[in-house]
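**Q** Letter by letter, the chains look like this.
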Amino acid sequence: MPPSKEVALLEAAPDAVIEVDARGLIVLVNQSCERMFGYRRQELIGQPIETLVPVAARRGHEHRREVYAAKPVTRPMGSGLSFQALRKDGSEFPVEITLSPLRVGEETHTAAVVRDVTERLSLLAAMRESEAQARLLFEESPVAAWVEDPTTATFLAVNREALRALGCSREEFLALGVATLQPRVEADYEIRSHELNYQGRPARLMVAQNVSDQRRFQEALEEARQRAERASQAKSEFLASMSHELRSPLHTIIGFTELLVDELEGPLNEKQKRFASHIQRDSQHLLTLINDILDLSKIEAGRIELRPETFAARDLIDEALAMVRPQAEAKEIALANLADPELPVEADRMRSKQVLLNLLTNAVKFTPPGGRVYVETGVDGGFGVIAVLDTGVGVPAELRDRIFDVFYQGPGSTGTGLGLAIARRLVEGQGGSIRMEDGPAGGSRFVFTLPLALAALAARRSHPLVLALEDDPSALELLREYLEPEGFALVAAGTVRESLVKALELQPDAIVLDLHLPKGSGWDALAALKNLQETREIPVLVTSVAADESAVRRGAFASLTKPVTRDLLLRSLRQALLRAAE
Amino acid sequence: MRRVLIADDSPSNREFLRTVLAHEGWTVEEAGDGLTAVAMATAAPPDLILLDIQMPGADGYETLRALRAQAALETIPIFAITAYAMDGDEQRGLAAGFTAYLTKPLTRRRLLAALS
Ligand SMILES: [Mg+2]
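Quick mapping for you: the protein sequence lines, in order, are chains A and B. All residue numbers for the first sequence refer to this note's numbering, where the first residue is 1 and numbers rise by one. All residue numbers for the second sequence refer to this note's numbering, where the first residue is 1 and numbers rise by one.
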């Protein structure tokens, strides 16, 4: 039989409900009471209500019960939150109690509704704590702050730092209007506004950060920048007017000397001709010197703009060789371009030519008649290598670093002493390097590097492009030594991610993959490469310490056991390329 | 006879240009400044004008604008002959409307090559 409506309601109530008779004995409790106090109801029925009251409070409770019995009305009890109740296990907990008189026959019973307020109290305590913290933070903050009432434009609160900064008392501040404060702080402070409720009203917390130091610093910085810019501008203007003023008289000298040498206005005698050609030669030298000084000044002033473009090194070499051909032929020096037909570099074409021309001019100058000057190319890492070789006198080892210094002039040199210094700056400015070494058969070998145009290289396939996923520098170095002399271009990736990016971007002809990487697994790279449509067809050679044919099952072209010999690597790579080409 | 007008404040450069061009069969007329050059070219449009850039009064660029503003001189070749030879100078000259931009020191060979 389902319980009556009243019983059902009673049992469902979240509060403990206890009925007590006139003598103070418990008549009825509900489920919540059992749960709250830890008794089964049989244990409570018939017991004095004081069973549920802490021992120390029992006497007081009995007294209050008598007072209540004299004037029984519905009223709360313990709303001052100081009432404690006692569980069966002896623990106490705070409660809020509402009492109502019940008429039962002739007797007046009392119904007590008991609510456990443990949670509410701790919540309240936490709120008080955090409020106190917030107040402390606000008050003691090293940043000036105050609270404004936006509707009345008055202040509701202010912290110590704001008072200190403004040099006024709390009362003075709070008497100020929002409008009066604004002009006093805006120059030095950066103010942020936060909406919040303050004492039950919408308000604004204003946080004012003193930025005067920061602003002063920024102003100083800006001034320094402008000063540097002005100085650089002045330098440029000086260079431009210098260039103009030097060229004008030089023009007269060079122009008229040429007219004399060409005997435009009638023949000269032998001596006059010789004199005129002395002037001609030295005025040309003066012009070179002026051009070099201006060039170097521009580079030093940071006023030179390098515009990289993609071009074939071989074309550049052809052009530069054509420019030194007259001098070479006069000395019967043979010139040769042994460059790779398709070595694309990405560099400033004009400036790269200037570098090459300088090296070629030197080579022709320092090579005895009947000698040989030639240019060859190679690949080194991400760089194209251009080497100028001659059969000249060479440079002693101890001078090799100094020849790239400004105004260093080698023994017997007739140059300006600036050409190689400029060349070095131009090459380094493009990320390359320049050095001098012994030629294979005596003479000098001047080598400079320019960034390879990797994308163009990959597209042209003149050098098969191999992407190596290898994080060990020495292993990479070894790969390089194996592959580059054989005409392969090598690009390295240190991480799986980098290898995927480069594979997608460069579309290499083959990939060499180390299966044992500390970070991420080579297996992941293999899986990803074989998964992506764009890279699926690229043959992958895996290397590992133990032969692992499962790599081949997962799409690798071959699995090579470390240490991989040069022959095995080259043979496998060539097979892979052949297969890919089919 | 082809007629060339040279405008340059430097007598020595005028003499250089005159010598080279006279030898090539040109009739040479000279002006020491830009305004005179504009007046002369307006009176009798030549076949070629060589303009210095740095001149007192109207400089080469102003002179060029005044010349190009006239219908009769709109399309004739006008060369800049100048010692302004820094990066960007030539591009600026060509953009302004010079037919060619020749930098000093200028040799006879380079001038003749530019004329052919
Ligand atoms: Mg002038």
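It is worth saying that the hints were derived from the structure and are not from the lab. Note that the Cβ used here is the ideal one computed from N, Cα and C, for glycine as well. There's no promise every hint is true.
With beta-carbon atoms standing in for the labels, derived distance ranges [to be verified]:
(1) A:Lys271 to B:His23: 21 to 29 Å
(2) A:Glu237 to B:Ala69: 27 to 35 Å
(3) B:Thr75 to A:Pro440: 55 to 63 Å
**Q** Would you mind marking each hint as holding or not holding in the structure?
**A** We went through each hint and held it up to the structure:
1. A:Lys271 to B:His23: 21 to 29 Å: Between lysine 271 of chain A and histidine 23 of chain B, where Cβ atoms are some 24 Å apart, the hint holds.
2. A:Glu237 to B:Ala69: 27 to 35 Å: For glutamate 237 of chain A and alanine 69 of chain B the Cβ distance comes to about 30 Å; the hint holds.
3. B:Thr75 to A:Pro440: 55 to 63 Å: 59 Å, holds
Going down the numbered hints, you'll see the structure goes against none, and every one checks out.
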